[in-house]
Every structure is written in C-alpha cells, then in structure tokens.
Amino acid sequence: GEDVEQSLFLSVREGDSSVINCTYTDSSSTYLYWYKQEPGAGLQLLTYIFSNMDMKQDQRLTVLLNKKDKHLSLRIADTQTGDSAIYFCAVISGGYQKVTFGIGTKLQVIP
Amino acid sequence: DAGVIQSPRHEVTEMGQEVTLRCKPISGHNSLFWYRQTMMRGLELLIYFNNNVPIDDSGMPEDRFSAKMPNASFSTLKIQPSEPRDSAVYFCASTQNTEAFFGQGTRLTVV
Numbered sequence: 055g056e057d058v059e060q061s062l063f064l065s066v067r068e069g070d071s072s073v074i075n076c077t078y079t080d081s082s083s084t085y086l087y088w089y090k091q092e093p094g095a096g097l098q099l100l101t102y103i104f105s106n107m108d109m110k111q112d113q114r115l116t117v118l119l120n121k122k123d124k125h126l127s128l129r130i131a132d133t134q135t136g137d138s139a140i141y142f143c144a145v146i147s148g149g150y151q152k153v154t155f156g157i158g159t160k161l162q163v164i165p
Numbered sequence: 011d012a013g014v015i016q017s018p019r020h021e022v023t024e025m026g027q028e029v030t031l032r033c034k035p036i037s038g039h040n041s042l043f044w045y046r047q048t049m050m051r052g053l054e055l056l057i058y059f060n061n062n063v064p065i066d067d068s069g070m071p072e073d074r075f076s077a078k079m080p081n082a083s084f085s086t087l088k089i090q091p092s093e094p095r096d097s098a099v100y101f102c103a104s105t106q107n108t109e110a111f112f113g114q115g116t117r118l119t120v121v
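Those sequence lines, one after another, are chains A and B.
Take 55 as the starting number for the first sequence in this note's numbering and just add one per residue.
Take 11 as the starting number for the second sequence in this note's numbering and just add one per residue.
These are calculated hints, taken from the structure and not from any lab test.
Predicted model only: the values in this text are computed from it and were never measured.
Misleading hints may appear alongside valid ones.
[Claimed, not checked] What follows is a set of in silico ranges between Cβ atoms, one per label pair, in the way DEER data are often shown:
no., chain 1, residue 1, chain 2, residue 2, range
1, B, 95, A, 120, 15 to 23 Å
2, A, 104, B, 24, 41 to 49 Å
3, A, 77, B, 69, 14 to 22 Å
Cβ coordinates follow ideal geometry from the N, Cα and C atoms, glycine included.
Model the full structure from these sequences, guided by the hints.
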C-alpha cells in the first residue's frame, strides 16, 4: 500500500522560510495535499497540487512536486508565529480514492 | 453544508465500557475514513468506506474495534470493551474524489 513519510519536527525563526518535506511511494497518486492542524483542532486543507503539476504558489505557500523522486515539499515564506502547527502531507491514490497521511511535521516558530 | 459532524466531542469512560463514536459525512461524499491520532503514533487510518462498503479495515487495532456505515449519511466506530490505551482523538473524514474534509474529532479518555 501507499506509504507517506515526513520528518517529525522543524524549528525556524520568525521571518525565515520554512520547508517541510514529504516522500511517498505510489506513483499513481493523483492529488497531493498539505493539511494544517492547530492545537486542539481538526485538520484543515492548506493547499494541494495535481500530479500533473510541478509547482503551485498560493501567497506565502509554495508547493513543489518531483514526481520522479516522489517528493513533495511545502515552503512557507516569511514564517509567522501563527504558522506554528502540525503539517500533514497526504496523497490520494487507488481506485477507491484512499487518502494516506504522513505522520505530521510539527513546525515551531521562534519569535 | 455544516461539514463533517462528529459526536460526542469529548468522551470519558471507564475501562471495560462500550464506547460508540458517531460521524455524519458531508452530503454527496462517497468515501468515509476513520482515523486515530495519538502523540506516539501520529495519525493512523483505522478503516475506510466507499459507497458505504468497508474497503480496508487493516488499520483496525483488534477485534474490540468495529465500524459500520448503514447508510450514506452515518457511520459509527465502536470499541467494546474499551481500554486505557484506546485513549486518543478519533477523526472522521469524508471525500468526493478530491479534498478530504475532517470533523473536529472526538477526544476519548478511558480511565
């Protein structure tokens, strides 16, 4: 089955850029997502990219997809303290549209 | 639409008791997922349904866990008997081919 891997923790200073990385195994994945979870809350969709795209930019967020290496990254420019949260990489694949999540990367923003 | 609705938001129960978690997916979504989130293991997929049919229940920890989806608008996750190690936040999510929408979760504490 699909396997999605992320690093557990990232610490950056306020104003710096953050880059969160993710690798996946199923090359047939159609949609790839980044979700954000703030403390005590559910997961909210942050951004997504179709598998036929290499890059997507949305304000401070940039998603890069390297299909050859099965690598997805999320760059947050000018990171703010409000960006502190857990970020989950997720992919949809298979005929039944199974959604597989990574373990989540905890982003800590130091003022 | 009110989004994915889970109930209860919080549940505290004694070891050995039966616990039933409920989920109402977004109308028109054909896939429903149950996840469990703990500090130790992150977000784990327990089971998912497509068109009310269980597709993959390999993530269900053991026979004490069972899930049903009697119709397109309702699903339950039951734990019987409950144990302290079942304490976690349980999320339900639904999707219609693209974005997975999450409920706010049920925080279960088994004492």
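So, going through the hints one by one against the coordinates:
| no. | hint | result |
| --- | --- | --- |
| 1 | B/95 x A/120: 15 to 23 Å | violated (39 Å) |
| 2 | A/104 x B/24: 41 to 49 Å | holds (48 Å) |
| 3 | A/77 x B/69: 14 to 22 Å | holds (20 Å) |
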